[in-house]
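Visitor: Given the coordinates of chain A, work out where chains B and C should sit on it, guided by the hints.
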Amino acid sequence: MNAPFYKFGLFGEDASLLVALFIGIGFGFFLERAGFGSARKLAAQFYFTDLRVFKVMFVAIVTAMLGAFWLSWLGLLDYTQVTVPSTYLVPQIFGGLVFGVGFVMGGYCPGTCCVAAATGRLDGVVHLFGMISGILIFGELYSFIEGFYTSTPMGRFTLPDLLQLPFGLTVFLVVLLALAGFAAAERLEKKFNPSGEIPS
Amino acid sequence: MSEPFATDHGVIVSDRAEPRPYMSPYLAGVGLGLVLLAAYVVMGRGLGASGAFTSFVAAGVETVAPAHARSNAFYTEYLGDPGTNPLKNWLVFEIIGVAIGGLISGMLAGRVRKEVEKGPRISVNKRLLFAFVGGGIMGIGSKLARGCTSGQALTGGAMLSVGSWAFMIAVFASAYAVAYFFRRQWL
Amino acid sequence: MNTKFSSFSLNQRLALLAGLLGFLALVAGSPFRNQSVTIDLKELARAIESENDHISADQLAEWIMLKSPVRVIDLRDSISFLTYHIPTAECMTMEKLLEENTSKDGKLVLYSEGGIHAAQAWMLLKAKGHTNVYTLKGGLTSWKEDILFPAVSGAASPEERVLFARRKALSEYFRIVTPSLQVDSSAVHRKPKPPVKVKAERERPWEGC
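If you read the protein sequences in the order shown, they are chains A, B and C.
Residue numbering for the first sequence follows our numbering, beginning at -8 and increasing consecutively.
Residue numbering for the second sequence follows our numbering, beginning at 209 and increasing consecutively.
Residue numbering for the third sequence follows our numbering, beginning at 210 and increasing consecutively.
Just so you know, the hints here were simulated from the structure itself, not pulled from any lab data.
The reader is advised that the hints may include incorrect statements.
[To be verified] No farther apart than 30 Å at their CA atoms in a straight line, the calculated lysine-lysine pairs in the DSBU-like style are these:
1. C:K313 with C:K251
2. C:K276 with B:K296
3. C:K305 with C:K337
4. C:K313 with B:K296
5. B:K296 with C:K316
[As the list claims (entries may be wrong)] One-sided excerpt, in silico: chain C residues whose CB lies under 10 Å from chain B:
6. L219
7. N220
8. L223
9. P296
Using N, Cα and C, we set each Cβ at its ideal position, and we do this for glycine too.
Pulled out of the complex, with its shape left as it was, chain A reads as follows (with noise of 0.2 Å):
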């Protein structure tokens, strides 16, 4: 196996600033596909009117998690050495409460707000100046904030090491999980917005 390619060295880095750019076009193309350039449909997820955030969000993670899962399981990828984001649990959750706030009143988060901006949306453009603001003051508070920061440190801690279940039961819950998820919001979207009028 040589998978992830960078990884096993068959490419340098300045080759993989290139992939970055392809990488995250694909990445923006498939936001605003979703409709995520507009901060009125990432909001209606909140409201109950369009569930298209869970919706495309789930299922991203649905096809990533089964995907890496089979690859690995053919012997195409190496599993150990995709980066697992560490768990800090606390500072997570807390940082979590918070960015769902910031989520609501702005209306985007950092990833669509570039597509907001970059198809033309103002309050897109704004928001992105409001969340380099807020990176900046994070910074100049950090020193009291660190201690905060750094607390909890689980390292790389899955699903099925905190369940105790074995990987494969694991991502079985999760399609079902997913699965249940959607059939549940085609149900609520049919109920706060029958006549599938959607902003746009």
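Guide: For chains B and C alone, coordinates are given in the frame of chain A:
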């Protein structure tokens, strides 16, 4: 395609009278998932967004006040070794790609237009204020969580990282919780 | 059955596919089926002969003291680990070690009680493609003898005395780092897994998100 919500059309750039409807969320999700998978296979890493902006901030601070930037552990992490360009960074190139990809998709579908996305019950200025402050809050949240929906929820989620799933659940929970207070902005 | 399937909408087909793949994943159990690797026997034999892969306890002690970017892996069981382990070491079974996401050129030092397990693990990691992995020559036994409790005989040569003086200084350092040689309870947080990997975070090629 009916538009029950008012929009603030400015100068029309590449707009069709009837912009194409969006792709099915399920298909778009598969597309996104495949892009993420490609990143795993080619690079052994996932996607991201907030990290790129942090690189911009760190680079900016270093340009304006280099000593201050270097004495700050947070900025230093993003600045790398002295002499290296913090903007010559995977995420920075990726985020540029994101903008390009978004533009391409928008142009193909006739959805590029100068506009402020908002609901009918709020003024443009108030919306922009909320966008700015919301962006700021989100910036702080993403740094605390060491990522955002792209880096943590998608990338970490597909890799089944506990912290990423916890982050994702927290985002949805708090967003739903405060949605009521911002309803005038959207509905 | 055929007509029934073709009457499914696209979404339903996707859902079916996902469900099927998920179910098969359940059956498969783990994404690491047969991690087969191609081994260059000659190269491996050469590496073993050259003994470049062994490092002495002195060398390891120096690396740790200088905070050089190295991950020290303890391959014994967790009880032995808790009783005493080399400072900065992480406790791992061989399986967990193989599953670990370490970059292929990160510096790794493996040790066990005498060195056999470490040597076996070394072999597996080398086969997997790691380029910077070492075993502690003599294992924990030599660490204890040379670093923690160095001794010198009366009839020692001047070089041996110099070496002893150095070791004595190292042993002081490591005693301070591990005040009680009995139990280092800060090492492991919780019973099952995972071991604390905070130190290793800095060593990983930083990727952020």
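Visitor: Evaluate each hint against the coordinates.
Guide: We went through each hint and held it up to the structure:
Distance hint between K313 (chain C) and K251 (chain C) is fulfilled; the C-alpha atoms sit about 20 Å from each other, no more than 30 Å. This hinted pair checks out: K276 (chain C) and K296 (chain B) have alpha carbons roughly 28 Å apart, not beyond 30 Å. With a C-alpha separation of about 14 Å, the suggested pair K305 (chain C) and K337 (chain C) falls inside the 30 Å cut-off, and the hint holds. Distance check on the hinted pair: K313 (chain C) and K296 (chain B) sit about 23 Å apart at the alpha-carbon level, within 30 Å; holds.
Only pairs whose Cα atoms come within 30 Å are accepted, and K296 (chain B) paired with K316 (chain C) is accepted, the gap being roughly 26 Å. With its C-beta approaching chain B no nearer than about 8 Å, L219 (chain C) sits inside the 10 Å limit, and its interface hint holds. The beta carbon of N220 (chain C) comes within 5 Å of a beta carbon in chain B, closer than 10 Å, and the hint placing it at the interface holds. Annotation: interface hint on L223 (chain C) holds; nearest CB of chain B at approximately 6 Å, less than 10 Å.
Taking 10 Å as the C-beta contact cut-off toward chain B, the hint placing P296 (chain C) at the interface is violated, the least distance being around 24 Å.
The structure is inconsistent with hint 9 alone, although it conforms to all the rest.
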